[in-house]
Structure formats: C-alpha cells, structure tokens
Amino acid sequence: GAVVSQHPSRVICKSGTSVKIECRSLDFQATTMFWYRQFPKQSLMLMATSNEGSKATYEQGVEKDKFLINHASLTLSTLTVTSAHPEDSSFYICSARVGDTEQFFGPGTRLTVL
Amino acid sequence: AQSVTQLDSQVPVFEEAPVELRCNYSSSVSVYLFWYVQYPNQGLQLLLKYLSGSTLVKGINGFEAEFNKSQTSFHLRKPSVHISDTAEYFCAVSDDFGNEKLTFGTGTRLTIIP
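Line by line, the protein sequences give chains U and L. Under my numbering, read the first sequence as residues 50 to 163, first letter to last. Under my numbering, read the second sequence as residues 470 to 583, first letter to last.
Among these hints, one or two may not hold up.
What the hints assert, rightly or not - Some chain L residues judged to face chain U by a derived CB distance under 8 Å, without partners named:
| id | residue |
| --- | --- |
| 1 | 483 |
| 2 | 489 |
| 3 | 511 |
| 4 | 512 |
| 5 | 513 |
| 6 | 517 |
| 7 | 555 |
| 8 | 570 |
| 9 | 571 |
| 10 | 573 |
| 11 | 574 |
| 12 | 576 |
Hints were generated in silico from the structure; no laboratory data involved. For every residue, glycine included, the Cβ atom is placed at its ideal position computed from N, Cα and C.
Using the sequences and the accompanying hints, generate a full structural model.
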C-alpha cells in the first residue's frame, strides 16, 4: 500500500520556539493531505486539510497563525507549530489521500514542549 | 455533521476467543465507514472500509465488519483473536459527497489476555 512518512518521530523543544514537522508521501503523489492531533488516550481530531499549491483549510477552533501548513509539492506537506507552549504537546499525525475515499496515515510525531 | 460513538473504551479478551468492537454513527447523509488500528506510537492502519454494496466487509488480519443502516452501526468482529491484535481500534465516518474529512470515534483499546 501507499507509504506516508513523518519527520521527526519525536521532538522536544523549549516553550516559545517553533517546530516544523514534515509529512511525505513516498511512493505516490497526494494532492490532499490532512493534519490531525491526538491527545493521550483520545481520538484523532482533524486540524486542517492541506491542498497542494493552495492555502490550507483549518477546522473550527484551530489557529491558522499558530499552526502553519505548507503543501509545496505533491509529496510534501509541513506543519509548523509556532511559539510552542506546553499545551501544544501532543501526537501529530498526517495522512495523504489516495483516490476519492482512502487516507494513508503517517507514523506520527510526538511533540513535547517544555 | 457526523459523529461516531464507540461505547467500549477498553475490551479485554482471552486469546483465541471471539471479539466484537462496537461502533455507532450519526449522520444526516449517506456515509462511508472505516475501521483503523493503531499500534503503540504508530500511525493508523486501515483494517477495512464500507463504501457501498455488500454490508459484510472483510478486512485484513481476519477482521470483518457489518454495516447496519437501520441501526446505524458498523461493528467490528474477529472470530479468534491473537496476542498481536492488542492495539487501539478507531471507527471513522466520512460523507459520500466527496468531502473526504474523517470523523473518528474515541477508540477502543483491545487487550488480549494470554
């Protein structure tokens, strides 16, 4: 099946710094990628939909200036958490859409903000 | 808007016993239904999906699910579980209008007891 990678898998940063997370589709082109956030023992919450070459569409309640998304190519989308704070600590997961219905998920990035 | 309810947050099952993980959804439109599995510190892997046609869907690792429109359910079953099935299982729904956003349930932690 299609493979989606994320880098880094884990990151620890100081409060106030920015962190960039990469999501890559390795063996296919993805016009649409999604970014999710998962708190411990909870479900995935969609943060935004990323379309190649256009601005991301953010879900209600997600600050677009804090969570910057760039989808510069058909195989790469990046999520930058700006001025991170401890409450931003979470598991961030991306997915890439193949066809009309199926999403392939990356392995996730665990962000810890000290 | 859609919603997904997974009533069982944790399900312990003895090895080689059958298991059913419950999923109910709410939607005002027709839906696609999915089951995903998440192993520790990993992203999600698709187990199976219902798009149309036969209401009994077979997936990977011996899992199957049955779509019941009248009961708005999509329960996941396996006749005989293995230790390797220990994981978190998420039910998800999207509408069939081409809006590919997935709405996830809160997950069910399946623990296999040797």
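Hints versus structure:
1. Because the closest C-beta pair between residue 483 (chain L) and chain U is about 23 Å apart, greater than 8 Å, the hint is violated.
2. The interface hint given for residue 489 (chain L) is violated, since its Cβ lies 20 Å from the closest Cβ of chain U, which is over the 8 Å cut-off.
3. A least Cβ separation of about 5 Å between residue 511 (chain L) and chain U falls short of the 8 Å threshold, and the interface hint therefore holds.
4. Given hint, residue 512 (chain L) at the interface with chain U, holds; its Cβ is 4 Å from that chain's nearest Cβ, closer than 8 Å.
5. Interface restraint check for residue 513 (chain L): the shortest CB-CB distance to chain U comes to about 4 Å, inside 8 Å, so the restraint holds.
6. Evaluation of the residue 517 (chain L) hint against chain U yields a violated restraint, the C-beta minimum of about 11 Å exceeding 8 Å.
7. Residue-level restraint check for residue 555 (chain L) is violated (minimum Cβ-Cβ distance to chain U is 15 Å; threshold 8 Å).
8. Annotation: residue 570 (chain L) was flagged as interfacial toward chain U, and the flag holds, the nearest CB pair being 6 Å apart, inside 8 Å.
9. Proximity of residue 571 (chain L) to chain U holds as hinted, the smallest CB-CB distance being about 7 Å (cut-off 8 Å).
10. Residue-level restraint check for residue 573 (chain L) holds (minimum Cβ-Cβ distance to chain U is 4 Å; threshold 8 Å).
11. Interface restraint check for residue 574 (chain L): the shortest CB-CB distance to chain U comes to about 6 Å, inside 8 Å, so the restraint holds.
12. The interface hint given for residue 576 (chain L) holds, since its Cβ lies 5 Å from the closest Cβ of chain U, which is under the 8 Å cut-off.
In terms of the numbered hints stated before, the structure departs from hints 1, 2, 6 and 7, listed from lowest to highest.
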